[in-house]
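In order, the protein sequence lines correspond to chains R and D.
The numbering used here numbers the first residue of the first sequence as 1 and each following residue consecutively.
The numbering used here numbers the first residue of the second sequence as 1 and each following residue consecutively.
It is worth saying that the hints were derived from the structure and are not from the lab.
Here the structure is a predicted model, which means the values were calculated and not measured.
Wrong hints could be hidden among the right ones.
Stated by the list, open to error - Straight-line alpha carbon distances no greater than 30 Å define the calculated BS3-like cross-link-like pairs of lysine-lysine that follow: (1) 17/R to 177/D; (2) 24/R to 17/D; (3) 17/R to 24/D; (4) 56/R to 24/D; (5) 90/D to 24/R; (6) 169/D to 17/R.
Stated by the list, open to error - Taking beta-carbon pairs under 8 Å as the criterion, some of the chain D residues facing chain R (in silico): (7) 10; (8) 49; (9) 50.
Unchecked claim - Heads up, incomplete: computed chain R residues facing chain D, CB under 10 Å, no partners named: (10) 3; (11) 17; (12) 31; (13) 56; (14) 90; (15) 97; (16) 110; (17) 157; (18) 170; (19) 204; (20) 208.
The C-beta atom is built at its ideal place from N, Cα and C for all residues, glycine as well.
There are 2 protein chains.
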Amino acid sequence: MEYPSQLLTHAVDEFAKLPGVGRKTALRLVLHLLRQEPARALQLGESLIRLRNEVKYCKVCHNISDSDICSICGNPQRDASTICVVENVKEVMVIEATRQFGGLYHVLGGLISPMDGIGPQQLQIDSLVERIRRSQQPVSAKNQPIQEVILALSTTMEGDTTNFYIFRKLAEFSDLKITTLARGVAVGDEIEYADEITLGKSILNRTLFTDSFAKK
Amino acid sequence: MEYPSQLLTHAVDEFAKLPGVGRKTALRLVLHLLRQEPARALQLGESLIRLRNEVKYCKVCHNISDSDICSICGNPQRDASTICVVENVKEVMVIEATRQFGGLYHVLGGLISPMDGIGPQQLQIDSLVERIRRSQQPVSAKNQPIQEVILALSTTMEGDTTNFYIFRKLAEFSDLKITTLARGVAVGDEIEYADEITLGKSILNRTLFTDSFAKK
């Protein structure tokens, strides 16, 4: 389909580069913006430009942040001895939403994936090792050594590869506890329909009935 | 869900105002843009701002245009005696894509809809009447009088209301031919599944078999 204006064509082209947005949807969105008050399109445009130009990443955990140290790392009430390693910023938000984790995070920025040309060097793995090493050298009394690393990556080929790579990298820290998320039947799921591997894991890693009570 | 950055929150908020884009999709799109090279987000942002600040509407037909007169109205090869009245810019594109119409357009900018507070005054109906009147006063030899108006609006309550309003407004032009789109069974559709009203119309407005040949 031909568009009557270069400006329109350009805006549709740029929208259509977003994942899951085809040219028809892009046109619909752009025409919608043209029908709204001008501020709507200008605010969307400016928010994207500002985000891209001014976004910062926390120097400690690499989460998106408005300052050099993110609000989680900068919160003295959080337990600095436990680090949850996640793939991306999205996982931080999802885990935060559970309100069940009081430690800090470490955002890898992806998973090891030779197919996509992503090796350990592109990820924040070295900075994780360095972070743990520095925490265990007591510079001041305030410095809290990292005692546990929770590997919270997806159970995919890439997730498993990355887990194993990090696990080996962290072998030098003999006192460090390395844990992973519990796998089991989801809350609310019927046992009958659980897949075999998940059900198997949830039997092997069964918990005390009284514990399942207490955690609610 | 809480976002770790004001900039991120703001961008998600703006994206989520688009129709059919919820907060989850908005977050996915924004995080996608952050993973891409910076130019991607900047270009999208700038194209929206430029579109909104610089977009023009054709002074004759009110289609989106890069100049004061759109490329259709400015094309001397098109038949200026036939005007197709459409609801919006999108319909111009769709009809142009058929390559079956060689006349000009008139974009109303909506349909009469008392429920949404849209009356005839908000639409380009007076400018249509004025356009026809002016074309029929031969100022120069070049001036071509408008002889036919095709009402190509949707068959909804609002479309019918608008059709009827325009029809009455154009009653003053005694020589003007007012037509509407043919309604009938869609090409490729099975007769068995056509709805009664459409099938009824397609029987009443049946065409010569030889004509259906020639138009292919």
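Report task. Kindly indicate which numbered hints from before are broken by the structure, ordering the numbers from low to high. Result -> Violated hints (numbers, rising): 1, 6, 17, 18, 19, 20; every other hint is consistent with the structure.
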